[in-house]
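So the sequence lines, in the order shown, correspond to chains A and B.
Read in our numbering, the first sequence has 191 at position 191, and its numbers run on one by one without any break.
Take any residue in the second sequence, count from 1 to its spot, add 1000: that is its number in our numbering.
Bear in mind the hints are in silico, worked out from the structure with no lab data behind them.
Warning: the hint list may mix true and false statements.
Here are the simulated lysine to any residue pairs, SDA-like style, with alpha carbons at most 20 Å apart [unchecked claim]:
| no. | chain 1 | residue 1 | chain 2 | residue 2 |
| --- | --- | --- | --- | --- |
| 1 | B | K1182 | A | V277 |
| 2 | B | K1182 | A | G10 |
| 3 | B | K1182 | A | G279 |
| 4 | B | K1322 | B | V1277 |
| 5 | B | K1322 | A | A121 |
| 6 | A | K182 | B | D1311 |
| 7 | B | K1182 | A | I307 |
| 8 | B | K1182 | A | R317 |
2 protein chains.
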Amino acid sequence: MPPRPPAEIGAPLAEIETPALVIDLDLFERNLAAMAEALAGSRVRLRPHGKAHKCPDIARRQMAAGAVGLCCQKVSEAEVFVAAGIPDVLVTNEVVDVRKLQRLADLSRTARIGLCVDGPAQVERLAQALAGRDAALYVLIEIDVGQGRCGMAVSPDIVSLATAIGRVPGLTFGGLQAYHGKAQHLREPEARRAAIADAVERARIAKAMLEGAGIPCPVISGAGTGTFRLELASGLYTELQAGSYALMDADYARNTLDGPIFAHALTLHATVISTAVPGQAVLDVGYKGAAVDSGPPVPVSPQAEVIGMSDEHTILRQPARKPLAVGDRVVLVPGHVDPTVNLHDWFVGVRDGHVEALWPISARGAGL
Amino acid sequence: MPPRPPAEIGAPLAEIETPALVIDLDLFERNLAAMAEALAGSRVRLRPHGKAHKCPDIARRQMAAGAVGLCCQKVSEAEVFVAAGIPDVLVTNEVVDVRKLQRLADLSRTARIGLCVDGPAQVERLAQALAGRDAALYVLIEIDVGQGRCGMAVSPDIVSLATAIGRVPGLTFGGLQAYHGKAQHLREPEARRAAIADAVERARIAKAMLEGAGIPCPVISGAGTGTFRLELASGLYTELQAGSYALMDADYARNTLDGPIFAHALTLHATVISTAVPGQAVLDVGYKGAAVDSGPPVPVSPQAEVIGMSDEHTILRQPARKPLAVGDRVVLVPGHVDPTVNLHDWFVGVRDGHVEALWPISARGAGL
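When you get a sec, could you build the whole thing from the sequences and use the hints?
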């Protein structure tokens, strides 16, 4: 059981204990519908990234809105989603611990499970993990399409690796993981277009090499909220892995957009606990409730400037027009949705000013 | 129940699943002994900060090593420590939600409980929360001794507030909270000495004002790992709130020291999952397992340079002498202990190369 939730069903907004992650359910549903509409008429599938929300209740709603399955980054996340009934989960990451690979193999008896590799070492470990085990995993080869983190360079080595995958009992070569994470956060549309054009070109060549060697490449998976329209339009990608679109955050909002926007469905609610130091108001949330890797959370109601943060506090400059008082609520947009969500145990879903849903963030902290 | 621990008792180090927070028990015990020795012969009490570890198993060992009680920052943390049998807990923070104050009041029936205020608004809320409730809380007035976050300026208003506290049934005025957080991280001893000399002077004046009005001020509480020797030597502080000393982190190690050092008892163990991009090795931990507010975690075994981080990955420049391979272990010192611990559910205690203890981080995520 996760810790006590910060609200009760039916309570008005003002009674939510803080800090709390609050989802505006109307905006959330609108975001899911907007993504479904963007893909309507296309044969490209949506496989939303569960790392962004870690929440089976959201995953189920994404499946109901047309997703073919979920992505996640960790085996322990996949275990949470499969236990919650998600029938198809792709781990978009390299996994090298034999025990983790065995747990993934065991999951493949109740759900369709895939993972990524970017070299022979990982395939050898997969072979070791699967020896004598009843399992069926599909494997995507991750190629580096400009992210510069994991992923093979595009070369004939991809053909050798796909062949090696096909030789391991229980493994099927599934295609390519071609995710360009950095491109998501390039601010200008032109820069994103150039980055994804390059990614598409690399993936196209990798696919051609495989097909030239007689190896089918049915899946090319990648894309995020910042660029998915480009991968969608490429004619090459078969699956989109966008995750942030459902909830959004302040960092994505800094992109200059070239299409319909998604709404900030997720906010962080906080309370002023001190105004003793002149000119500032101190909130009851800090690094332990708001990730700062993409900057501090942004106060939107009321608008205010963050002038300091520490483990449990965020210091705001007092708004000139109407100074905040002890006990006042402040609503903030998280700087970066994924690591902020990972700090909380509950989403509080609200509609028409009242709490309608309490969704456990069941894969919170699932790092193994 | 927290998620599955990353190791089994008795397992060798290499079998700990990663990412994992590992405590070297010899170093941890040496740190507790070093703090006890630093305070030996003094009448100053140790009240270690539980916000740093959030772990009842550590709290109990700190009590056994002479602590009079624990500090924490949140009511939900206090609930965890009291439930685990800690008999004396001070919330070193302002609490303004009446329901939270009532929970704190309820705790005061099984443990000695204190909290901080820095203005009349919080005392009014306390009066509202305690009305008709069987409770006994002691209240410290937080004064701003240079931190510039919460805390009243030193003035006769402190006397009025102490008087107001004394009039609320169930409340006792306990003394002053005089913590200078910023001073902990000033790099040079001279700068820390100057900051704490100023803090001591402010606290001394506040105490004199109270005593001049006939109000005893039995407690002056504050100090952290970076400065506690200065508060200890002040002759004024009665309680030290150091927390990081037990585990330590990379940020504290950046201080130029003027006394015996504490050892890095806490490390983050990670595994190389990819070396596909030339010149780099990618670890299986990122923002979701290592807080970055004080910089990235520092690889110490082997020594290596962090050249990138994202939600689930840390990218190292390949060490020139002996490149890392897929599956290799890397040991890192967290940049900042408190928010890093808050990302994990377990401490893995090791001695002589084997897992000796698994300690749940029971107050992980306790933000209410």
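Results for each hint:
1. B/K1182 to A/V277: It holds: about 15 Å lies between the C-alpha atoms, which stays within 20 Å.
2. B/K1182 to A/G10: Outside the cut-off at roughly 42 Å; violated.
3. B/K1182 to A/G279: holds (19 Å)
4. B/K1322 to B/V1277: holds (16 Å)
5. B/K1322 to A/A121: It holds: about 18 Å lies between the C-alpha atoms, which stays within 20 Å.
6. A/K182 to B/D1311: Given that 20 Å is the threshold and the Cα spacing comes to 12 Å, the pair holds.
7. B/K1182 to A/I307: Holds: B/K1182 and A/I307 sit about 14 Å apart, inside 20 Å.
8. B/K1182 to A/R317: Measuring from Cα to Cα gives roughly 18 Å; hence the hint holds.
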